[in-house]
Structure formats: structure tokens, C-alpha cells
Amino acid sequence: MSIIDNINKVFDHRIRLGIMSVLMVNEYADFKTLKELLDVTDGNLASHTKALETAEYIKVEKQFIGRKPNTRYSTTKLGETEFKKHIEALEKLINKT
Amino acid sequence: MESKDYLKDISEIKNMMHKSSRFISLSGLSGILAGIYALVGAIIAHRIILDINAIEHPIKGFFAAFDAISTLFGIAVLVVLLSIVTGIFLTVRKAKKNNARVWDGSSKRLVINFLIPIITGGLFCLVLIDQQLFGLIAPATLIFYGLGCINASKYTLGDIRYLGLINVVLGLISTQFVGYGLYFWAFGFGIMHIIYGTVMYFKYDTDRK
Chain A
0 MSIIDNINKV
10 FDHRIRLGIM
20 SVLMVNEYAD
30 FKTLKELLDV
40 TDGNLASHTK
50 ALETAEYIKV
60 EKQFIGRKPN
70 TRYSTTKLGE
80 TEFKKHIEAL
90 EKLINKT
Chain B
0 MESKDYLKDI
10 SEIKNMMHKS
20 SRFISLSGLS
30 GILAGIYALV
40 GAIIAHRIIL
50 DINAIEHPIK
60 GFFAAFDAIS
70 TLFGIAVLVV
80 LLSIVTGIFL
90 TVRKAKKNNA
100 RVWDGSSKRL
110 VINFLIPIIT
120 GGLFCLVLID
130 QQLFGLIAPA
140 TLIFYGLGCI
150 NASKYTLGDI
160 RYLGLINVVL
170 GLISTQFVGY
180 GLYFWAFGFG
190 IMHIIYGTVM
200 YFKYDTDRK
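Taken in sequence, the protein lines are chains A and B. In terms of numbering that gives the first Met the number 0, the first sequence has 55 at position 56, counting the first letter as 1, and numbering is strictly consecutive. In terms of numbering that gives the first Met the number 0, the second sequence has 120 at position 121, counting the first letter as 1, and numbering is strictly consecutive.
Keep in mind that a hint or two might mislead.
[To be verified] Chain B regions said to be covered by chain A (calculated; three or more residues, Cβ under 8 angstroms):
| no. | segment |
| --- | --- |
| 1 | 39 to 51 |
| 2 | 92 to 106 |
[Stated by the list, open to error] To give an idea of the interface, some chain A residues facing chain B are shown, with a C-beta separation under 7 angstroms as derived from the structure:
| no. | residue |
| --- | --- |
| 3 | Ile14 |
| 4 | Gly17 |
| 5 | Val21 |
| 6 | Val24 |
| 7 | Leu36 |
| 8 | Thr53 |
| 9 | Leu89 |
| 10 | Leu92 |
| 11 | Ile93 |
Simulated from the structure, these hints should not be mistaken for lab results. Backbone N, C-alpha and C fix where the C-beta goes; we use that ideal spot for every residue, glycine too.
Chain B extracted, bound-state conformation:
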């Protein structure tokens, strides 16, 4: 009996526990792209808002703002959809490369646990809109998105936990700066995703062939 074999046993045990309980094919690149989409979306939204504020005529301004809401909403939906599609595409590609299955117990658990805070947050935001508390929408989205990441971190590579924590903190800070939601969004969803994606990419996607 050699101790080397036992060492191998232990690392095999760890590996199996990890592989069977966590979904490890999440692509880092998709995080970077999601961040870029969010930044581009935020810049376009910023332009639109600046244009409206430039209108001096009060009634014209009011109607322009009214029209802009659906455009801004459209931009937000487009950013989210593009991010999801890119994420799925790149993750499927990474899983295929690693000969892992995409839709198995571990990925299902990941999606479900990520979605619990996200859907709660989505419904909460609808309530905020209904109560006309528009200033709290940006903080709420950041906080619930952060909670989603933290909840998901138990079912995938653990690093996403830090992205979640940062977004929760950002969301809480932004409650004190109502009206600057767009900047917090751009930072939380844009810049933080790019940083997170880059870290993930270099940590897991490059050296693990």
C-alpha cells in the first residue's frame, strides 16, 4: 500500500464531488459579451435621456419622455435577450468541447436556483412600477440579480458569488442616489460583468483544454 494511491483517491473523491454537484461549463466569454451589451445599451439609453432633457418645451418634453419609455424598455429587453442567447450558445459550445452534458441535473439546479431570486425581483419591480416608485427599480434589479448570482454560486464555479455580492452592495448604495440608476446599471451589469468574464476566461477557459 502506497500513500500515493491514497492521495490519488482523495483527489478523485474531491473531483467527483465537484463534478457531480456543480455545473462547470459556464463560459467566461459570455460574461464579457453580456457586459459589453449592457454598456452599449446604457450608452444609447443615456443619449436618449440627454436628448429628452434638452427639449425645452414642457409639453413636447413630456410626450417625448412618454415615447422614450418604450424605447428604453426595448433596449433593456434586447440587452437581456442578447446576453441570454450568447450565454447559452457559448456555454453549449464549451460543454461540447469538454464532453460534458449541457442539460443535466447540475445545470437544471443551477438555472432553478438562479431564477428564484431573479423572478422574485422581476415581480417586485412590476410592483414598483405599479406604485410609481421608478427610482427604486435600478437598485432592486441590481440587488435581486446579485442575490441570484449568490444563490447560483453553490451550483457552479464559486467565483460568481463575488459578482453577486458586489451587485448587492452596488444596489444598496444606489438606493441613496436615486436618479443615477443608469450609471449604477452600467457599472454593475456592464463593467462588473466584463471584469468577471475576463477573470473566469483566464482562470478556467484558457488553460483547461
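Isolated chain A (complex conformation):
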């Protein structure tokens, strides 16, 4: 089995890595916070969160704060394990070369 196996295609993008990193160390983060931290546009962020959501690596909760809609994200157990595997694979790759 090659170490490339653990490199997860779903994470192979700077913004998705960013989203996962933020969610790994925070219980949850809302759309606005993610947008500001990662410095991306609404559409861009939405498409990447959608991809992570489809893979079931993150959970999306929609709620209302007062009258404003608020979308917040958190990692799933699966997302956490996959992300850890991905980072380990990255580290191994770096150490190999």
C-alpha cells in the first residue's frame, strides 16, 4: 500500500484544508467567521463547504439568531479521523523527500 492512499482528494484544496483546520480546533464556526478567516467569497466558501458536507466530513446547522439566519459548521467524527489521516499522510510525504 502506498502512502499516497491516505492523501484524501476531498481535502486537496487550500480552502477546504482551511475550513477543516478551523473546525478541528473550534467546536463550531459560522459562515461569516469562516469567510473572514479564510478571506474568500461567499460563493467560493459555499461550494467548498458543500463538498465537505457531501462527503459527510462536516455538519451544517441552520438556525435563526433573532431574525437573522445563521449557518454554522462543525466537524463529524468521520471528518476528524479522515483529516488526521490526511495530515499524517502529508507529513510522511514530506519526510520521504
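Got chain A sorted already, so can you dock chain B onto it with the hints?
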């Protein structure tokens, strides 16, 4: 696929984890100023206490001491207020310079976790005053302030942890030297803050433009 890209990925991950969970705009300069305020306050308080001790007449001395308590208390409140105002002002300025937000999730978490031991300590000191255990007030303030710093260290630049540990140790030592609280205060809140602020200033505020 190049390994350089992966290295960049890893550092990006680290950076995001750090930035999203910790409030990094705390100003080092405000630590130095808080230390200076504390030292000045301690020197003035020391003078007042010396003056009272110089009064030989026992009854006059008693009333002078009674009057001095509110003055000393006023000095303490002034030092704390000045430190807080300076801290907020300089931190807001630093955050603006770094294009960071001041009042967001990370700063809220920092303030809340710092305040939990501080408020506990404050209430505990009120109990000490009520029980007339005045000698334990200085140790208690140092210990609870230190615990506040240690608790806050998880939510900001980690160096504040050492300031906290030193203050806790100082507080514990000062329990054995009741009556010398003012010197421990001057050292813990004054000198240690100046050292801490200076280290922070040169470590984070000067080279990170």
C-alpha cells in the same frame, strides 16, 4: 505533485488553527505600562504606610490608618482601571494595524476564561476582608491573578502562562511573609508585568509588521 506544496499546506493548517482559536492582538506595550502603573501605585502606597507608622500618638495613628485605607483602596482601583483602559486602547490599536477584529469569538473566549478565576478571586478577597484576614489579601490576589493568566493562555499567545505561573508561586510564597504583601505586589504586578510586556513587545510587536 511537489512536496513543497504539502509543506505549504501544513503551515497553512497550523496558521489557521492558531488564528481561529487564539486572540493574538494582545499588546505587549500595555503589559509594560500596567507594570509601571502598579509600581508607581505601590511606591505611593508605601509612602502613605510609612507616614502612618511614623505617627507616634496611638489614637491619632489609629485614625490616620483608618483614613488611609480608603486612599490605598482608591490607589489600587485607579491602577487597575488605568491598566484596563490602556490595555484595551493598545490592543484595539494593534488589532487595527493587523486588520484583525477585536471583538470576535476568540477575544470573547479569552476574556471569559480570564475572568473566571479573577472574579472568583475578587469574591474570595471580599470574604477575607469580611473575616478580617487582611494579611491573606495580597497572596490571594496574586494567586488568582496568576490562575487567570494560566487559564487565558489557552486562548491567546501562550507566553502569558509563565507570567501566571510566576504569580501563583509568588502568591504562595507571600503567604509565609504576611505583612510584606506590598513588596510581593510590586514584584508580581509591577516588575513581572514590565518583564513580560517587554518580552512580548520584542517577540511579537516589533518584527511582525
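Hints, verified against the model:
1. Proximity of the segment 39 to 51 of chain B to chain A, defined as three or more residues with a beta carbon under 8 angstroms from a beta carbon of that chain, is not established by the 0 residues found.
2. Coverage of a stretch by a chain is defined here by at least three residues with a beta carbon nearer than 8 angstroms to that chain's beta carbons; for the segment 92 to 106 of chain B and chain A the count is 3, and the condition holds.
3. Using the Cβ-Cβ criterion of 7 angstroms, the hint placing A/Ile14 at the interface with chain B is not satisfied: the shortest such distance is roughly 10 angstroms.
4. Evaluation of the A/Gly17 hint against chain B yields a held restraint, the C-beta minimum of about 5 angstroms falling below 7 angstroms.
5. Against a cut-off of 7 angstroms between C-beta atoms, the interface hint on A/Val21 holds, since the closest Cβ of chain B lies about 4 angstroms away.
6. Interface hint at A/Val24: satisfied, since its Cβ lies 4 angstroms from the closest Cβ of chain B, which is below the 7 angstroms cut-off.
7. Evaluation of the A/Leu36 hint against chain B yields a held restraint, the C-beta minimum of about 5 angstroms falling below 7 angstroms.
8. Hint on A/Thr53 is violated. Least Cβ distance to chain B is approximately 21 angstroms, over the 7 angstroms limit.
9. Evaluation of the A/Leu89 hint against chain B yields a held restraint, the C-beta minimum of about 5 angstroms falling below 7 angstroms.
10. At about 5 angstroms, the closest approach between the beta carbon of A/Leu92 and any beta carbon in chain B falls short of 7 angstroms, and the interface hint on this residue holds.
11. Residue-level restraint check for A/Ile93 holds (minimum Cβ-Cβ distance to chain B is 5 angstroms; threshold 7 angstroms).
Violated hints, in rising order: 1, 3 and 8; the structure is consistent with all others.
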